[in-house]
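K.L.:
Start from the sequences, fold in the hints, and give me the full structure.
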Amino acid sequence: MIQVTEHAAERAVPTWTARIRADEKLLEVRGLTKRYGPGCSSCHQPETGEWHSSRCPRCGTIWACRSLDFHLYPGEILGVVGESGSGKSTMVKCLYFDEEATSGEMTLSVCPGDGNLLQASSQRKRYVRNHLMGMVYQNPYLGLRMNFSSSGNVAEKLFAASQFHVGRVRRRAAELLERVEIPLARMDEPPARFSGGMQQRVQISRALANDPPILLLDEVTTGLDLSVQARVLDLIRSIRRELGVAMIVVSHDLGVIRMLADRTMVMRHGAIVEHGLTDQILEDPQHPYTQLLVHSLL
Amino acid sequence: MLTVENLSKTFELALTHRMTVRPFDSVSFHVPKGHFLGIVGPSGIGKSSILKCIYRTYLPTTGNIYYESERLGPIDLAQADERDILLLRQTEISYVTQFLRVIPRVPAVDVVAERLLPLGWPEDRARGEARAMLERLRIPPALWDAFPATFSGGEQQRINLARALIVKPRLLILDEPTASLDPETKEIVIGFLRDMKREGTTMVGVFHDRDAMARLADEVFDLADWNRRRAEAFHAYNG
Amino acid sequence: MEAARIEHTRPWMNRPAAAYNFAFLDEGSKREIRRKTLKAVAIPGYQVPFASRELPIARGWGTGGLQLTLSLLGPNDVVKVIDQGHDDSVNAVSIRRLIAETSGAATTEDTAKATLIQSRHRIPEERLRADQILVLQVPQPEPLRRVERSERLTRRKHAEMDYSAMWLALYEGIVRWGDITLGADYPVMVHGRYIMAPTPIPRWDNEKLHQAEHLTLFGAGREKKIYAVPPYTDVIPLQFEDYRFRKESFDGKACRHCGSTDTFLDETTDEATGFTVYQCSDTAFCRKRRGEELP
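Residue numbers (the working numbering), protein chains in the order written: chain S, 1 to 298; chain P, 1001 to 1239; chain V, 2001 to 2295.
Think of the hints as simulated: they come from the structure by calculation, not from any bench. Some hints could be false.
Stated by the list, open to error - Per the computed footprint, the stretches of chain S lying under chain V, defined by three or more beta-carbons under 8 Å from a beta-carbon of chain V, are:
| hint | stretch |
| --- | --- |
| 1 | 117-126 |
| 2 | 152-166 |
To be verified - Incomplete in silico selection of chain S near chain P, CB under 10 Å:
| hint | residue |
| --- | --- |
| 3 | Ser67 |
| 4 | Asp69 |
| 5 | Glu76 |
| 6 | Glu83 |
| 7 | Ser84 |
| 8 | Met259 |
| 9 | Val273 |
| 10 | Gly276 |
| 11 | His287 |
What the hints assert, rightly or not - Label-pair ranges, simulated between beta-carbon atoms:
| hint | chain 1 | residue 1 | chain 2 | residue 2 | range |
| --- | --- | --- | --- | --- | --- |
| 12 | P | Asn1006 | S | Val294 | 54 to 64 Å |
| 13 | P | Pro1118 | V | Ala2042 | 54 to 64 Å |
| 14 | P | Asn1238 | S | Gly60 | 55 to 65 Å |
| 15 | S | Ser227 | P | Gly1073 | 42 to 52 Å |
| 16 | S | Ala174 | P | Arg1198 | 49 to 59 Å |
| 17 | S | Asp234 | V | Arg2145 | 37 to 47 Å |
| 18 | S | Glu189 | V | Thr2269 | 38 to 48 Å |
| 19 | V | Arg2145 | S | His165 | 19 to 29 Å |
| 20 | P | Leu1015 | S | Gly60 | 28 to 38 Å |
| 21 | P | Pro1118 | S | His165 | 34 to 44 Å |
Ideal Cβ placement from N, Cα and C applies to all residues, glycine included.
P.N.:
Set out below in structure tokens:
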């Protein structure tokens, strides 16, 4: 009995859980724009009209994201699909503040006082990155310290949340690594010694360390063997189910999107060309580009 | 329970050259609670498209699909918010096709039990319920922990049925659910569906099998006949 | 001053000290260094960049500390220079002579008599007073360098108090070796805000910075940084709740000269017997304890 209460006290319930309402948008993004270059008079209204690439033909400015509007409800999975260069990775990197958005608004229902987080102080952004969002990168080298222990990779996130008891931190790391099926005997091995699928799983456990309500997954299964890919996809689904984490899943692979996403948006040349229920996007695509994409599916 | 008014669907395809396909136009029908409406007509006429519009896999071009939801009250499925559609799919509306698309390498019992988890079932109870459902649908126990991708067409179809039926939907949409079943299993499925109907489940379905249709349907909507009568009315009106 | 009249083997060094500006550096340079020092004192533990000057000794040999000393020096100061506890190592002697020759300031080996103490890798055993300033020479001012190579990113981490990587380094030691494995230059949290490198002083000396009466200044000549711990400032070594910071232990050991058991001891080999012996690292303190009069 004592052990149970001790355990309960150890794992402080994140402060945001009380503030989440299932029927309220958890994340809302308006007009998210990312531009590389100065822009010119012919491309300064990028949201209008169809483009043939994300590059302005006159001034060469790249509009990686053109005025994106979307939202995410608690516990739902939003798929983002598009070919490489469509701006989908830049979009999630802007959400995670890895890239600085040129303009736009982003609000989280769990921190209403902050207003537009894209304009928040870097300390505030760091808080959001550590407590409210987890990121899993396509390239595990971006998300992990390859030569530190796997438990340390998870622990680093807990240190960022001011947990400085090694025993408790290790217990939490073990719990998370076990959740993603990393054997406990290997928790102190560096990810550099792991296979690609295991590295992605360590990344996922690290991203979950502080129980964030939102997980961003950027091409997580790209480059993995098909059998390994299936296990990672299943893991992601069970995490959503058990923890109620909302996710944005970016992938160029419609198969991955079909398996995971409730709703899907299709990006091309930095803009959202279409969004809807995932099965509707796949079976009744409205935009010619989506039709092309769907009909290219093997 | 379900009222379809002036439902039309137009596909605009723009792959090679612009192409417009209109499988059906201005369809209306009504299904009372606990009734089964069978849609008949020659293949390719657009029966499945109507079903997909109701499930919102297809976006209706015009028209309304009124459904009396337990959780959301009266709602127009043609216009409803995607969030609401997702909620209804989780809790009230199930759709069965002949094709099974599930995540690879997940055992059959989990594929079925998975449907109950969002409804708050504990995992072990959901698995128990799933096993009972697989048993009722005569899936051999040896297959319960195998991956459905390796199953025969008939077995896969029964997994699909199990996934749809386990949540006890209020509205069941059936697209050829008995197409590749052996006669014995077909009997079981028909019996099962009749039981559900008696318990109040409303159903809309397309059956290739005239016999199955006759035994399940309370009303029949003949799409070919509907189209012909509309054409006649159109010509009569235009003199 | 006596110290300024030493006969040098190299004739150019016999020029009178008056040929240089007082304390070698020109007044403009001193003013810049003092301004940066004031800023460092105002923001405890924060590394203030400064324009490190050329000196007659090479960078990496104490030029940061020396520039601080020279900019602070007045004609009435009494200077002590120590190198890892010794007043008489070549480096300490050279620096002391340079200071004395270019300023005429008095020098001493007695910690209590000094007003300005420049040191490398040690803090004297004698408790320093409010009227004394300790200048420490710094090889690597950036405590985060061991976990982050980029200066841009370390500065950002300091700005955002993003210290999880530093904690991770401590954690990795515990995972690998069962305990915190950092030795000298053990990172400290200053005034609850900045993690600071205390320079490679032994862990033994860390507590001498905490709530000290004296001002400690840190100068890194090669890395061009000045930072400070003002008097009565919290200086807390990083430690976990269940893995605490521990200073070196000399249980059962004593100085072979003065018998001290409460000072930081150096391990050495007795030339005659070949046995391992221990002696005070702070040689001036040891001699004083034995009743010697220090110059």
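K.L.:
Taking 54 to 64 Å as the stated bounds, is the beta-carbon spacing between Asn1006/P and Val294/S within them?
P.N.:
violated (28 Å)
K.L.:
With a cut-off of 10 Å, does the beta carbon of Glu83/S approach a beta carbon of chain P closely enough for the hint to hold?
P.N.:
violated (16 Å)
K.L.:
Does 34 to 44 Å hold as the CB distance between Pro1118/P and His165/S, or does it fail?
P.N.:
holds (35 Å)
K.L.:
Per the coverage rule (Cβ-Cβ under 8 Å, at least three residues), is the stretch 117-126 of chain S covered by chain V?
P.N.:
holds (count 3)
K.L.:
Is it true that Arg2145/V and His165/S lie within 19 to 29 Å of each other by Cβ?
P.N.:
Holds, at about 27 Å.
K.L.:
Under a C-beta cut-off of less than 8 Å, do 3 or more residues of the stretch 152-166 of chain S approach chain V closely enough to confirm the stated coverage?
P.N.:
Contact hint for the stretch 152-166 of chain S vs chain V: holds, 9 residues under 8 Å.
K.L.:
Was the hint right that Gly276/S lines chain P, CB cutoff 10 Å?
P.N.:
holds (7 Å)
K.L.:
Note whether the CB distance of Leu1015/P and Gly60/S lies within 28 to 38 Å or breaks it.
P.N.:
holds (31 Å)
K.L.:
At the C-beta level, are Ser227/S and Gly1073/P separated by a distance inside 42 to 52 Å?
P.N.:
holds (46 Å)
K.L.:
Does Asp69/S pass the interface check with chain P, least Cβ-Cβ distance below 10 Å?
P.N.:
Result: violated, 15 Å to nearest chain P Cβ.
K.L.:
Would the hint on Ser84/S be counted as holding, given a Cβ-Cβ threshold of 10 Å to chain P?
P.N.:
violated (21 Å)
K.L.:
Should the hint that Pro1118/P and Ala2042/V are 54 to 64 Å apart at their CB atoms be regarded as holding?
P.N.:
Once the Cβ atoms are compared, 57 Å apart, the range 54 to 64 Å for Ala2042/V and Pro1118/P holds.
Against the hints set out earlier in the document, violations occur for numbers 3, 4, 6, 7, 9 and 12.
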